[in-house]
Amino acid sequence: MDIKNNQYYKKWFKSAWTYVAGAILLSVLQIATFAVTGNPWGVSGVLANWGAWLYRAIGGSVDKWYYFSSEGAQATLEAGFLNHPGTMRNLGIIFGALLATLLASQFKIKKIKSKKQVVAAILGGLMMGYGARIAFGCNIGALYSGIASLSLSGWVFALFLGLGAIVGSKLLVKFFM
Amino acid sequence: MTEKIVDALGEACPVPLIKAQNAIKELAVGDILILQIDHSCAMKNVPEWARKEGHNVEIEEVDDGEWEIIIEKV
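Just so you know, the protein sequences line up as chains A and B, in that order.
Following the working numbering, the residues of the first sequence are numbered contiguously, the last one being 177.
Following the working numbering, the residues of the second sequence are numbered contiguously, the last one being 1074.
Chain A extracted, bound-state conformation (with noise of 0.2 angstroms):
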């Protein structure tokens, strides 16, 4: 029988899973997270180490910069990546967002339009990590997680993320369509 007829296949993965399947396996995740590494769930704090340990792999030094200069993150980078549990959990993301769409088999290289999208998405990510980074959080870290904990933060950060999603997509539809 093919494969891609079978209901099975088309019901787990081919077709994408709803909201409320996705928000339940988010929530039993993070709690399974928080319960075995003591730390709520976060992503973008992972994507700054690994700034740090391509800087100092090209012979940079973050030492002295006040962002890594706690005993903690100066550890942490010590111990390297492989010993980065947050490291391991995003390589997970990568490679589990590149095995579901290779199960789908709906894998695509993109091609790249223009250089004002090659501008706008440079843009955006420059923006979005360095305001997560001075928020002590993405919407993971700071939204999500801080939520999940009670945590007033995480609704002030909701409001002002909303605010920062109405403006961004105006600058899009104006500068980048």
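What the hints contain is simulated information worked out from the structure, not anything from laboratory work.
Just so you know, not all the hints are guaranteed correct.
Unchecked claim - Straight-line Cα separation of at most 27 angstroms, DSSO-like style, residue types lysine-lysine; simulated pairs:
1) B:Lys-1044 with A:Lys-174
2) B:Lys-1052 with A:Lys-116
3) A:Lys-11 with A:Lys-110
Place chain B on chain A using the hints.
Below, chain B alone, put in the same frame as chain A:
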């Protein structure tokens, strides 16, 4: 009846949706809009919007990771 093809390949959300919204304004009732996408989120938000507006929507998978959303303006 005219058929309009809009190329939104390589565009991430919300660009495909906005392109579809702009394109459908210029069409008459009964005309067909074919939106080409390769961003799977657009497969959710474009049909959602179009069906809410009352248009007829069909999705066709034309290649790995590539779809055409066919919208008939109502």
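Cross-check of the supplied hints:
With a C-alpha separation of about 24 angstroms, the suggested pairing of Lys-1044 of chain B with Lys-174 of chain A holds against the 27 angstroms cut-off. Of the pairs offered as hints, the one joining Lys-1052 of chain B and Lys-116 of chain A is violated, with about 32 angstroms between alpha carbons and a cut-off of 27 angstroms exceeded. Between Lys-11 of chain A and Lys-110 of chain A the alpha-carbon distance is near 26 angstroms, which keeps this suggested pair within the 27 angstroms criterion.
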